[in-house]
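J.: The lines below spell out each chain.
Protein chains: 2
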Amino acid sequence: MNRTIGQGPWYLGIDGGGSKCRVVLVDTNDQVLGEGLGGPANPLRGMKVATDSIMTATLQAMAQAGLPEAYLSQLVVGAGLAGVNMPQYFKLVSEWQHPFAEFYLTSDLHTACIGAHQGRDGAVIIVGTGSCGLADVDGQVLDIGGHGFPYGDNGSGSWFGNQLVHHVLLHKDGIGAATLLTDLLCQDIGVSATLDIVSHFMHATPTVYAKYAPLVFAAAEQGDATALAIIERGAAHIEHIAQRLFSLNPPSLSFIGGLAYKVIPYLSPAVQARVREAHAAPEFGAVWFARAQQSKSQASTKERV
Amino acid sequence: MNRTIGQGPWYLGIDGGGSKCRVVLVDTNDQVLGEGLGGPANPLRGMKVATDSIMTATLQAMAQAGLPEAYLSQLVVGAGLAGVNMPQYFKLVSEWQHPFAEFYLTSDLHTACIGAHQGRDGAVIIVGTGSCGLADVDGQVLDIGGHGFPYGDNGSGSWFGNQLVHHVLLHKDGIGAATLLTDLLCQDIGVSATLDIVSHFMHATPTVYAKYAPLVFAAAEQGDATALAIIERGAAHIEHIAQRLFSLNPPSLSFIGGLAYKVIPYLSPAVQARVREAHAAPEFGAVWFARAQQSKSQASTKERV
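Chains as they are written, first to last, in this note's numbering: chain A, 1 to 305; chain B, 1 to 305.
Be aware that one or more of the hints could be misleading.
[Unchecked claim] Short derived list, chain B residues pointing at chain A, Cβ under 10 Å:
1) His98
2) Leu142
3) Asp143
4) Gly148
5) Phe149
6) Asn154
7) Gly161
8) Ile175
[What the hints assert, rightly or not] If you want the ones that stay clear, here's a sample from chain B, every Cβ over 12 Å from chain A, calculated:
9) Leu72
10) Gly223
11) Ser247
12) Tyr266
Keep in mind that the hints were calculated from the coordinates and are not lab data. Ideal Cβ positions, reconstructed from N, Cα and C, are used throughout, including at glycine.
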């Protein structure tokens with residue numbers, strides 16, 4: 001790791017979701033110097049978990065870039081974190097005694113939108129551990145969903161995983177249709193008795209449920225009617241988010257998140273026709289957010305001088 | 001509290017659910033000497049919470065009976081607790097260093113069935129914080145549901161409360177129908193901004209959700225279509241439990257739990273026709289369970305002698 005690391009400033013972009021946290025370390029020309037991956041960075045799951053995840057991913061990216069740990073204090077950081085749309089969590093994270101030069105905070109949905117459309121007008125829908133959407137058009141911002149599991153986040157990984165467990169238990173109890181989901185789940189978790197399945201999920205977090213969401217799509221591909229019905233209900237929710245975002249008439253719509261490209265084929269042709277690939281990943285949106293906020297704050301400093 | 005308390009033995013019956021715990025203190029002739037009420041007694045919520053709830057309710061019943069606390073060690077106790085159908089929780093509660101003479105443990109569903117049918121064949125469905133059913137016919141026992149929230153317990157208080165919050169947030173986000181539920185909920189919790197509603201329920205337990213279930217029935221009575229649709233889906237699940245229990249052909253079916261009599265009118269005429277009022281409450285079932293277990297253990301002691 002002794003290659004030339006060039007001159008700062010260095011920008012770190014953080015995309016922190018409910019299951020994992022991705023960071024990218026770039027130079028002033030957006031040249032990628034290093035990347036890192038950590039655990040959940042949603043402060044609702046506890047500030048220690050969130051900041052540990054962020055630091056794990058950050059140090060990994062710095063090591064990859066050959067940037068010594070002492071340079072932490074020189075990084076200009078942008079962070080888009082799930083959960084900080086809630087004022088109390090925004091405040092909590094803002095008060096973090098971070099080790100960076102600067103730390104600019106916003107929601108993961110916001111940085112996803114900035115990344116997807118390079119900061120221009122557009123809409124974005126996240127289908128990951130949670131589900132939510134945002135349109136930013138002519139300075140008007142519309143923010144839908146993302147309220148959390150289990151009362152919200154329909155059509156998300158946590159919702160699909162929970163529906164999977166629900167329908168497997170109905171099958172096991174003899175009050176729901178026989179479904180391939182039962183075999184797939186039991187094979188995956190290595191137990192098959194009802195009470196063992198319940199024990200496995202009794203204290204499950206949204207992240208744990210989300211891990212099993214792909215089984216629903218695997219069963220649907222094999223023609224399982226229960227799985228198909230679950231997907232249709234989940235996709236209907238995502239469709240509603242899209243239709244609502246279209247009320248602002250965004251020039252384009254991008255999807256982000258681990259389940260996005262599994263859900264898109266189940267949306268209406270009208271929505272599918274407006275989907276455009278995201279220009280860049282949310283962690284780059286976080287970098288650009290940091291740079292824009294830094295420029296603003298430097299401009300206002302100059303004004304004051 | 002100086003009235004004559006008679007001679008022991010005294011029997012204490014405990015019905016411990018996810019939201020509250022009821023106890024009854026009786027003499028050998030089932031004469032009620034005292035009653036008590038405590039918080040949640042489901043060991044899934046923590047053993048300290050469960051045993052505190054049990055002790056609060058027990059001491060209250062003893063005070064009402066005029067039985068000094070020193071008599072705790074003379075009580076013969078039967079407890080039907082939610083959650084102990086799971087072997088690990090049965091073990092945990094069994095290991096409790098209880099202060100009683102004897103402590104006989106089974107599930108709340110079992111004591112509800114014993115109470116409802118005086119220990120004879122029959123079926124019972126609980127619609128309280130959770131939902132489940134049990135049929136006990138010719139020594140064959142069929143146990144359905146009760147797996148916990150959010151992957152199970154459809155049609156229960158926690159499920160109705162969660163559906164309520166879900167549909168209010170859909171309304172607030174402009175992706176669900178306008179519903180009276182929004183006004184009712186906002187009035188009840190004293191906030192109306194979306195993020196404030198989310199904050200209110202962010203870490204809600206099943207018990208908290210269950211508290212708001214009656215609002216769904218209140219809205220339905222005023223003709224709210226969203227509330228009616230929620231109730232129809234919840235009732236369909238309870239109907240499935242009933243139909244499955246009927247496969248054992250139980251001579252009668254009783255309903256127990258705070259929401260039971262709200263849900264029954266939405267069940268099919270075929271199910272409604274077989275509903276009979278429970279003979280006695282689950283806490284009496286717990287008393288009879290204790291007495292039956294005590295007789296068995298005394299009989300086996302005699303055999304050994």
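J.: Tell me the hint numbers this structure goes against, listed in increasing order.
T.: Violated hints: 1 and 11; rest satisfied.
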